[in-house]
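Asks: Sequence:
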Amino acid sequence: MSNNEKRPLIRRHIALEELLQLATPDELVAISGILLDKANDRLLGDGSARQRLAQCYEAGELYKVVDEIAFEIRALGSVSLASLLRRGEPVSYDEVVRDVASELKIEYSKADSTPVIEGKVLEMLAEKLVEQAESESQRAAESRFGWARLNTSFTSLLGPLSKLNPGGSGVGGVLASAAAVGVLATLPLATMGAVTAGALAFKNKSRSELQGLTTIVVHIARIRAGLVAADHEDFANRLRACL
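Letter by letter, the sequence shown follows residues 15 to 257 of my numbering.
No lab work stands behind these hints, which were simulated from the structure alone. Where hints are given, some of them may not hold.
Result set (DSS-like, lysine-lysine): computed pairs, CA atoms no more than 30 angstroms apart in a straight line [stated by the list, open to error]:
id: 1; residue 1: Lys20; residue 2: Lys134
id: 2; residue 1: Lys52; residue 2: Lys119
id: 3; residue 1: Lys134; residue 2: Lys119
id: 4; residue 1: Lys119; residue 2: Lys78
Please read all numbers here as calculations on a predicted model, not as lab measurements.
Throw the hints in and build the complete structure from the sequences for me.
Replies: Here it is in structure tokens:
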């Protein structure tokens, strides 16, 4: 790719709006469904963006309201932040991601970029999923009818995750965590909210929007990770073609 093209070689740091423009229709539906859920009503600003979002959601034309989706994500993230009052403007997406990470007790530094912190959220979710899969497998092995129950349990949503650490030696290893993060990209979009809520066990009753907001960050992180992986593969293919 020539240097004068606008698209970066690896799309790791592109803005929220551009990420949403590159999302699939199903991904936009999943994110918008969370934003339009009555449990995620927000206080900031008027309802014009939300109204347009709802209309296009019903019409199946979410690609027309990408900016509104981005605004609603930032507005939902502004509900409980100290920076709520900004002359009607919601907080940045970077602040939303940092707020989610803080609520999940994820360590990060001021120097960490948005994609880095998104990755840490994915890593925590992946590790929790592996832990749950191991726990389910252990209980099933100890139960007379365990394997029958396992087929319809939470583990059935995780698929290959239950096989990432067959030795049962914990999930601290780099290989197990990295493999789990890769598997997250294969989980059905329809189950992501339930999987995220079940794995991270939200306990902050004063922040009802946290569950939906965290699931949205997971969706955005998956979209970004998919683009970065595709760009790396494209670069590697072109490099091999030059050899």
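Asks: Against each hint, give a clear statement of whether it holds in the structure.
Replies: Right, here's what the structure says about each hint:
no.: 1; hint: Lys20 to Lys134; verdict: holds, 28 angstroms
no.: 2; hint: Lys52 to Lys119; verdict: holds, 27 angstroms
no.: 3; hint: Lys134 to Lys119; verdict: holds, 11 angstroms
no.: 4; hint: Lys119 to Lys78; verdict: violated, 36 angstroms
This entry does not satisfy hint 4, going by the numbered hints stated previously; all others are met.
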